[in-house]
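Visitor: As a plain string of letters, each chain reads:
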Amino acid sequence: MSEPILEIDHLQVEFRTDEGVVHAVDDVSLTLAAGEVLAIVGESGSGKTVTAMSLLGLNRSPNATFRGSARYRGTQLLTASEDELRAIRGAEMAMIFQDPMTSLNPVQRIGDQIAEQILAHEKLTKAEVRDRVVELMDRVGIPRAAERARAYPHEFSGGMRQRVMIALALSCSPSVLIADEPTTALDVTIQAQILERLKELKDETGTAIILVTHDLGVVADIADRIAVMYGGRIVEEGTVDEIFYDPQHPYTWGLLGSITRVDRDRGERLPSIAGLPPSLLAPPEGCHFRARCPHEFERCGQGPPLEDRGAGHPDRCWLTVEQKRARRVVDDGEIGLAAKVAVEASPEGLVDRRETPPGAPSRVAGDAGAAEDARVAEEDR
Amino acid sequence: MARFVVRRLVGMVLVLFAVSVLTFLIFNVIPNGDPAVRMAGKNSTPAQIEQIRKEWHFDESLPQQYLFMMKQIFTGKLVSYSDQTNVWEQIRMGLPRTFALGIGAAILWMTLGILLGLYSAVKAGRISDRVLTVLALIGISMPVFWVGALMNYYLGYKLEWFPNGGYVEISEGGIGEWLYHLILPWTALAILFIGVYSRILRSNILDTINDDYVRTARAKGISERRVMTRHVLRNSLIPIVTLWGLDFGLVIAGGAVLTESVFDLQGVGQYFAEAIGRLDVPPVMAVTLLGAVFIVVLNTVVDIVYAVLDPRIRLG
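Taken in order, these protein sequences are the chains called A and B. All residue numbers for the first sequence refer to this note's numbering, where the first residue is 936 and numbers rise by one. All residue numbers for the second sequence refer to this note's numbering, where the first residue is 34 and numbers rise by one.
Hints may be right or wrong, so weigh each one.
Derived Cβ-Cβ restraints for the label pairs, each shown as a range [stated by the list, open to error]:
{"id": "1", "chain 1": "A", "residue 1": "GLU938", "chain 2": "B", "residue 2": "VAL155", "range": "41 to 47 Å"}
{"id": "2", "chain 1": "B", "residue 1": "VAL164", "chain 2": "A", "residue 2": "GLY1210", "range": "35 to 41 Å"}
{"id": "3", "chain 1": "A", "residue 1": "GLU1019", "chain 2": "B", "residue 2": "LEU170", "range": "56 to 62 Å"}
{"id": "4", "chain 1": "A", "residue 1": "ASP1047", "chain 2": "B", "residue 2": "PHE50", "range": "43 to 49 Å"}
{"id": "5", "chain 1": "B", "residue 1": "VAL164", "chain 2": "A", "residue 2": "GLU1019", "range": "48 to 54 Å"}
{"id": "6", "chain 1": "A", "residue 1": "PRO1240", "chain 2": "B", "residue 2": "LEU342", "range": "53 to 59 Å"}
{"id": "7", "chain 1": "B", "residue 1": "VAL274", "chain 2": "A", "residue 2": "LEU1054", "range": "41 to 47 Å"}
{"id": "8", "chain 1": "B", "residue 1": "ASP245", "chain 2": "A", "residue 2": "ARG1079", "range": "32 to 38 Å"}
{"id": "9", "chain 1": "A", "residue 1": "LEU1054", "chain 2": "B", "residue 2": "LEU148", "range": "47 to 53 Å"}
{"id": "10", "chain 1": "B", "residue 1": "VAL164", "chain 2": "A", "residue 2": "GLN1011", "range": "47 to 53 Å"}
{"id": "11", "chain 1": "A", "residue 1": "ARG1079", "chain 2": "B", "residue 2": "VAL46", "range": "40 to 46 Å"}
Residues of chain B placed beyond 10 Å of chain A at every Cβ, according to the derived structure [as the list claims (entries may be wrong)]:
{"id": "12", "residue": "ILE309"}
{"id": "13", "residue": "LEU342"}
{"id": "14", "residue": "PRO344"}
Source of the hints: derived by calculation from the structure; they are not laboratory data. Even for Gly, the Cβ is constructed at its ideal location relative to N, Cα and C.
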């Protein structure tokens, strides 16, 4: 891997609220190399979106405190002035948001909204901007782009709007693309198309991507590395293979178990992790996952640091590698089931994972072309 | 679009019919309504009254009387019962004054409403915002005839900073005198609306500022000023602009009656108020119908403007 272009070091984010101080992000350290795809995975409230927003200063407010460091090519993002950040936003680091239905201004033409970002960073003539906008829209797969650039957001479907968001994000060829749950608000078939398109664009442009999602199934195909977040902390970090085939943290086991799979019996209930995420107003002492973890023992009362315990990648669980490998198979609780699935899948899965990726969304990806044709035909009507 | 306008025009005819019938009936059922007696004067003989009744068609049936009055209105021959002047001529004289008052006040309240609403939203929760909130509530709560009278008395009569009512044509006193005479009426009429508009805009802005597309705009790297004007303010203003059209219609169509009377502007509103006082049906009828036309037309214009400002709205 090349030099990291983005280095997050011991990032802490706190928000003062009426109920007290929310410790949204607690000591998160991550690096991103040029052209790399890093997935940040976790459930709602795990701090993944806050981490992403903090990079662009989009969640700055008088009630927010940021500690630690986040460096982008020498710029300290956490303490950068608004002017410095503005030069980076859109041009160097761009962001795709979760809900394409509400993320575009409803009363501005699509083309104008993309043009606004280009004009903020580059000196171009009107005609040049127009050409660039159409080219971008074309590149993300919007049919009849020149004509559609004059349309308003409500004249687009959700999937098409997310393509617009991607075109917008890519308009100034950023080095880093932050995609915050880019497919969550979309139909499963559209999800696959969008992910496919992101992957293609990444290969074409070499943009590094931070993909924030709660769905491990989404990241299998596209990510290089995965950081699993829970309760504001990273609980496990590794390559895709490490996380999928040798998951160390019981929470990761649970996440893997709750992927929708097409090869599982329909009647079988989708496994879920019992309980609720911890309150970030008063995070528990020690391991944040303790209260929901069937493997809890007295040592968990003191925070396990994020370190490599012999598996080859770091995690935050006191169990030994041997204990983990044994328990995630033997244990038949909700979480154990997940791990079993993951391990069972490994012998052949490791070989031809790219043809038969785990998780339903990826499986559908093969039909993306046909589905897209149908979609386009529908929109043409 | 054409279909929309045609439909509105048809609707307008229905509205005018309903309004005219209602107005006509009201003035026929209220006591002491016999215009012939009043026109004849105190020392009149029954024969004279009978004569007037015949001349003015008061002896005919109600539907016939109604039709006769409508004919007079639409042929421009309508004449006042009390002073026998032509109603349309009177209205034509008053209309520029009413428009001068209404347009000036509308510009004033829109401008100040936007400025104060924006300021209040930017300073939300701070002292200055709270002070503005209280001021807005006071402004909304003060009736125009009271504020107008106070202004007239203190600023006009006592301090002599402003003229004590009255209207000066631009052709007579020049634009300076014209403005000088209109400042107090404009202010008195606008105060209520400034309060309302600034409150509405403030809450619109505070809603909009948290919208996802505003965050998208920020993530583009455009200036905060541009985010505020092109995205937040632009979108927050849409409901205000439509409200503005409707309120302007209301002011022209009768909302300025009190202001005109207090400041003795001799506009259509004052003419209307005096006619009611004399139970003089023809001017009341004409002004009411004119107001109805104006409101329907402005409503149509507002709907069209709304569709232009917000492409999600379809005219139907």
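Visitor: Starting from the hint 43 to 49 Å, judge whether the C-beta atoms of ASP1047(A) and PHE50(B) obey it.
Guide: Between ASP1047(A) and PHE50(B), where Cβ atoms are some 46 Å apart, the hint holds.
Visitor: Non-interface claim for LEU342(B): all C-beta distances to chain A beyond 10 Å?
Guide: violated (7 Å)
Visitor: Could one say that the CB atoms of VAL164(B) and GLY1210(A) fall in the range 35 to 41 Å?
Guide: violated (49 Å)
Visitor: Taking the closest pair, is the beta carbon of ILE309(B) still more than 10 Å from chain A?
Guide: holds (44 Å)
Visitor: Holds or violated: 32 to 38 Å for the Cβ distance of ASP245(B) and ARG1079(A)?
Guide: violated (26 Å)
Visitor: For GLU1019(A) and LEU170(B), compare the CB-CB distance with the range 56 to 62 Å and indicate the outcome.
Guide: violated (42 Å)
Visitor: Please confirm whether PRO344(B) is truly not at the interface, meaning its C-beta sits more than 10 Å away from all C-beta atoms of chain A.
Guide: With a cut-off of 10 Å, PRO344(B) comes too close to chain A, as the shortest Cβ separation is near 5 Å.
Visitor: Range first: 48 to 54 Å. Now tell me if the beta carbons of VAL164(B) and GLU1019(A) are that far apart.
Guide: violated (35 Å)
Visitor: Determine whether the Cβ-Cβ distance between LEU1054(A) and LEU148(B) falls within the hinted range of 47 to 53 Å.
Guide: With a Cβ separation near 28 Å, LEU1054(A) and LEU148(B) fall outside 47 to 53 Å, so the hint is violated.
Visitor: Does the Cβ-Cβ separation between ARG1079(A) and VAL46(B) fall within 40 to 46 Å?
Guide: Since the Cβ atoms of ARG1079(A) and VAL46(B) sit about 44 Å apart, the hinted range of 40 to 46 Å holds.
Visitor: Falls inside 53 to 59 Å, the C-beta gap from PRO1240(A) to LEU342(B)?
Guide: Check passed, 57 Å falls within 53 to 59 Å.
Visitor: Taking the Cβ atom of VAL164(B) and the Cβ atom of GLN1011(A), is their distance within the range 47 to 53 Å?
Guide: Check failed, 39 Å falls outside 47 to 53 Å.
This entry does not satisfy hints 2, 3, 5, 7, 8, 9, 10, 13 and 14, going by the numbered hints stated previously.
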